[in-house]
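**Student:** These protein sequence lines are chains A and B, in that order. Here the first sequence stands for residues 1 to 411, where the numbers follow this note's numbering. Here the second sequence stands for residues 1001 to 1495, where the numbers follow this note's numbering.
No lab work stands behind these hints, which were simulated from the structure alone. Positions of the beta carbon are idealized from the N, C-alpha and C atoms, including for glycine. Be a bit skeptical, because a hint or two may be false.
When the alpha-carbon atoms are kept at most 25 Å apart in a straight line, the in silico BS3-like pairs for lysine-lysine are as follows [said to hold, decoys possible]:
| # | chain 1 | residue 1 | chain 2 | residue 2 |
| --- | --- | --- | --- | --- |
| 1 | B | Lys-1226 | A | Lys-123 |
| 2 | A | Lys-186 | B | Lys-1226 |
| 3 | B | Lys-1226 | A | Lys-145 |
| 4 | B | Lys-1357 | A | Lys-80 |
The following label-pair restraints were derived from C-beta to C-beta distances [said to hold, decoys possible]:
| # | chain 1 | residue 1 | chain 2 | residue 2 | range |
| --- | --- | --- | --- | --- | --- |
| 5 | B | Ala-1475 | A | Asp-76 | 42 to 48 Å |
| 6 | A | Asp-76 | B | Asn-1106 | 49 to 55 Å |
| 7 | A | Ala-385 | B | Cys-1474 | 40 to 46 Å |
| 8 | A | Asp-295 | B | Asp-1073 | 50 to 56 Å |
| 9 | B | Asn-1106 | A | Thr-211 | 53 to 59 Å |
| 10 | A | His-275 | B | Glu-1411 | 33 to 39 Å |
| 11 | A | Thr-211 | B | Glu-1110 | 22 to 28 Å |
Residues of chain B clear of chain A, computed beta-carbon distances all greater than 12 Å [claimed, not checked]:
| # | residue |
| --- | --- |
| 12 | Ser-1344 |
| 13 | Glu-1368 |
| 14 | Glu-1401 |
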Amino acid sequence: MSTQFRPTEDTQVCDVVAWALSDGTPLEIVGHGTKSGIGRTVNLSATLETGDLTGITYYEPSELALTARAGTPLADIEAKLAENQQQLAFEPPDLGPLFGAPAGQATIGGIVGCNLSGPRRVKAGAARDHFLGVNAVSGRGELFKSGGRVVKNVSGYDLCKVLAGSYGTLAVLTDVTLKVLPAPEKTRTVLAFGLDDAAAVRAMGEAARSTLEPSALAHMPKPVATGSDVSYVAQADASVTAIRVEGTEQSVLYRCERLRELLGALASVEELHGHNSATLWRGIGNVGPFVARPDRPVWRLSVPPSAASAIVNEIDGVCEADWYYDWAGGLIWLAVDPGTEDGGASIVRGALAHAGQGGHATLVRGDAELRARVPVFQPQSAPLAALSARLKAQFDPQGVLNPGRMVTEGR
Amino acid sequence: MQMPEPDRQVIAARDDLIGALRAIVPGEGVIADSDELSAYETDGLTAYKMRPMVVVLPETTGQVADILKLCADRRVKVVPRGAGTGLSGGALPLADGVTLGLGKFNQILEIDYDNRCAVVQPGVTNLAISQAVDQDGYYYAPDPSSQIACSIGGNVAENSGGVHCLKYGVTTNNILGIEMVTMDGEVLRLGGRHLDAEGYDLLGIMTGSEGLLGVITEITVRILTKPETARALLIGFPSVEAGGACVAGVIEAGIIPGGMEMMDKAAIHAAEDFCHAGYPLDVESLLIVELDGPQVEVDGLIETVSEIAKSCGAISVRVSESDEERQRFWLGRKAAFPAVGRISPDYYCMDGTIPRKRLPDILKAMSELSKKYDLRVANVFHAGDGNLHPLILYDANNPGELEKTEEFGAEILKLCVEMGGVLSGEHGIGVEKRDLMGAMFNEIDLNQQQRVKCAFDPEGLLNPGKVFPELHRCAELGKMHVHHGKLPFPDLPRF
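Just chain B, same shape as in the assembly:
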């Protein structure tokens, strides 16, 4: 992976920069010691490592603004970092860059039940928000599987999802406002506790921008009332096709489940061996369908989904009769990644989205690719919204196996795009999928995206080397060729 060439002048001026950063963030907030820096050299995508030039951990928005202004003045690159759980290398440091960690922004500032929102700092974990409002009967809907560790600021940067997205939306549908700092140190507030933007929807474009447009210092999230009840079905099928047909059948019946997750045989066995959730082992695919809402509605829908499952050839259907049983159904799914981690020295988690009905096609293609690369693959799948997480099993100690794994992964993602899907459903492009962007977008598309960055960060100092395969200068992107000789355009319909 080619990263921007380190700027030697910036590296040479490192000591001076550290001094200037310490003047902004006193004490232990500036990390310059080589051993301590090593803790920051990677994020959740551990295959990529780079020691940052320096790490700074500010505690106030004012400090963030001062740091960014200092870096902008000195033309020093900045990599924002939340909890470092991202799976696409979005927080991969730069050798000549400052890693700006937001871990000390860890306070829940206000809970406002009247307006059904909470104001939180970006370093608060996703789960901590739900926990803070749980006793009053509320929760924050997006629930990525890393929710115990991942930060809400990182969730906004990556537009994170989770198992409840089909019914309750992803991060962008669940936040009302942010405070952010631009690369030149300007503090902006977008949105608030009201709905919809007053001008261009900058909040919408910040969400999922992977730390390339600004540093988020405060977030107002929507909180929802917990449903009256939730029940789940655990359904086993003799084939992947039958499971896929059941997913389509549920949606066609007008049902939007709270969660609808699928696992393939490899994932079912790994999960069952790991946590003994009671999954059937004689099935090719397993579906967990969770329905939530008023009791009377859930009970009715459970019946309907059972019937659809049977009509699709389900060989086992279990319905949770208690909340404890419902949670046991989820146990294996939620532990699927570590479970797979137990049966292989390493695994590589992919993240593409496809139209739901192409599921059997992509699983078939993947099993062929698995033979071609001689690497095993286990699949967990947010079936409700078409988001795939193939886990490729490999051993990094075998020379060349990581490279082979990455090639396998790239083929899967290109297939997702060919089937009408996208490169990333919820993990982001980062460095991992950067060079695949051309499979989805042409040069005009990518240039228009980069022009958006020019509006926020014209010098390209914020998180460069991520998302875009080629970096262009804003001046170059701004050039336009206009024919000033009046062109006739004879074919245009005019009235």
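Looking at chain A on its own, in the form it has when it is part of the complex:
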């Protein structure tokens, strides 16, 4: 029989963890559970849901900071920020639909716990870069805090960093404080058609290195572009490279023009305004192109941009796959044919290793059987894995928080 706990107070979170310790029953930690499909299958009989820890408890627009309880829906936070023309600059994606959940269900705790960032990450930083302060309950059942409400802070270790992206394996987040920033007055996206992968990555690199300050740079090969929700992209009958500029009106119009010149020297160009631009980037951030065929394993590769197209080229040579690039080539989303041996793990990680430029590959979507069989997260060197295990033990000595979600061995 499975037990679900839905605490409404921080002290109850402590009590649940104390119960887990005393009962010897590990807990699956979730917000609304939209991203439970990421990581190894935990399969635990008890679940701690933070979905009832809700509410924005601090928001001062002129201080550029917001505190919310971990289960607060991301949508509520974004709506509140929009009232003051502000936003979360790391552009948190909504990965719910990729796992078959409805859109708009993500909690802020889940976003931070998985360190998920969207297309603007390349310019504005990741979720972890905007994570200023935290209250959390450790696997010892103790409520602790770290960080604060200000952007400049060197007062003790920055525990926020290690909690971001720890998938609930170190502590249960109860409150998070995030840096918020002004939303841009204007946005334009310039499209270039028909570039091959290598040329597109070079073009994105050139734009990223220019003084035009693009806030997002992505490339969709033709098979992916064809499925876009934006007609200009879907009907292009070619690959589409998209580069976005944001800021004050005058600045955006000027930079858009300069970007058209830069890309126009390589390909035919078009530009997207308001709604179309927003739809395009939402789809790119939310892995929209791979929602439709849930049977395909989906990989997320973080690589140095200069290595991106060679890595993809090697993978493409040996398996059936679709892919697209974000972060100027630094992020590759890849969906492989369901019949591919070990979900493509050896091929994908082999290509990374052959490129020899570092980076990592995560199996973001795969069925439970596959995720139990292949390492979901990039395997680490033995000393690094040992250090990570020691760190886990210092937060969660009995292994009661999401044990096995990130690594197979140990707790």
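Assemble the complex: chain A is given as a structure, and chain B must be docked to it using the hints.
**Tutor:** Same frame as chain A, now just chain B:
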């Protein structure tokens, strides 16, 4: 300041240790002579001094690993040191400790424009990175005011900031990877030229860890393209409140300036006397707002900020019309510390952060404290991000004045915490603010932080006596009391 009790056995075995260190680092890389050691007895926080037992200056990662392994085997404490410019005593030596200096790690190893990063050794100065990529139109964004001397390794250890942090982030937002050595001599690589960690973000926790978790031997930093243009406004206000309102007004208008710095009257006068930057002297607060980006954007924002300033009651607004003029605006601010040094025999630089809107409150409280302690104070302030640098003026030759100054400083930092801020914005806790950590964190918070150290350095040999007011053994921290009789927890909502 109470430091860990020196281990007499370690001190007694000093000669043997020196011999073993010389076998690892030959020649002049091991400093054991008493006079030569005195050069290492303090860092930028000169009020604290201690002669190290021995100093070692390795040149390779392999040597660093061997030194740490040797010290771990012999249970000898190690204090890592960069350029020694830190202001919180993070590199304060131990009488029974080895000071491990990284000054010979001074090479820029690779500049990789394709991936917009540079691979550097930790002893390279902050400014040298920007200089190395300047001719190609790039720079490294964090720019602490000591950038000409401070090392990038020290910047990572202290998570240094600078005047550009509001828009471009602090060190932790601008590094991609490091190579580090743990206390037991294991060499690890965290991150690389890609974005985001593949597991726990150990790079994030190393940044700002003040030399307590590992020794950094290589760093991959992000480099940015220099903006098309930059222009600054120099704005004088009749009150501190009016200046504070202007800062809030700029942010509320959705503008994130490249830099936004404030000075109070004492700092304005000291700076103007020192470098004749042309600052107005009939104002109570002075704001420098720098805007950078495409020309058309900057020109537009200059207009907007001018209007906000006027609406907040500015009595003088000057806009830079050339890059030379922009740099002149900065001249006084950048020289504010030495300028204050000229009007007082000694000064003590504090470093707290507060929510921006509490600026007038804290300045008012500080002027009251100034009367209470009978010590003058000048303020420079990274207004954009709420980071305060009060400079307390004192004379160390007056008996008891240093102690009084430290007490004054501690009161300011406690006020910062009470106002919703933090103890340190960019200088670190070190030894200086160690005993104030209890003002910000309770025992559970501090114990959880120390458990992180246990994962990296279970014997507590790396830089002990810094950051944490009380040292606990890892075994003690690891104890857990679990009620094995099944507890009912009747109040828990279950479904």
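**Student:** Hint by hint, say whether it matches the structure.
**Tutor:** Status of the hints after comparison with the structure:
no.: 1; hint: B:Lys-1226 <-> A:Lys-123; verdict: holds (14 Å)
no.: 2; hint: A:Lys-186 <-> B:Lys-1226; verdict: holds (23 Å)
no.: 3; hint: B:Lys-1226 <-> A:Lys-145; verdict: violated (37 Å)
no.: 4; hint: B:Lys-1357 <-> A:Lys-80; verdict: holds (21 Å)
no.: 5; hint: B:Ala-1475 <-> A:Asp-76: 42 to 48 Å; verdict: holds (44 Å)
no.: 6; hint: A:Asp-76 <-> B:Asn-1106: 49 to 55 Å; verdict: holds (51 Å)
no.: 7; hint: A:Ala-385 <-> B:Cys-1474: 40 to 46 Å; verdict: violated (20 Å)
no.: 8; hint: A:Asp-295 <-> B:Asp-1073: 50 to 56 Å; verdict: holds (55 Å)
no.: 9; hint: B:Asn-1106 <-> A:Thr-211: 53 to 59 Å; verdict: violated (31 Å)
no.: 10; hint: A:His-275 <-> B:Glu-1411: 33 to 39 Å; verdict: violated (55 Å)
no.: 11; hint: A:Thr-211 <-> B:Glu-1110: 22 to 28 Å; verdict: holds (24 Å)
no.: 12; hint: Ser-1344; verdict: holds (26 Å)
no.: 13; hint: Glu-1368; verdict: holds (23 Å)
no.: 14; hint: Glu-1401; verdict: holds (27 Å)
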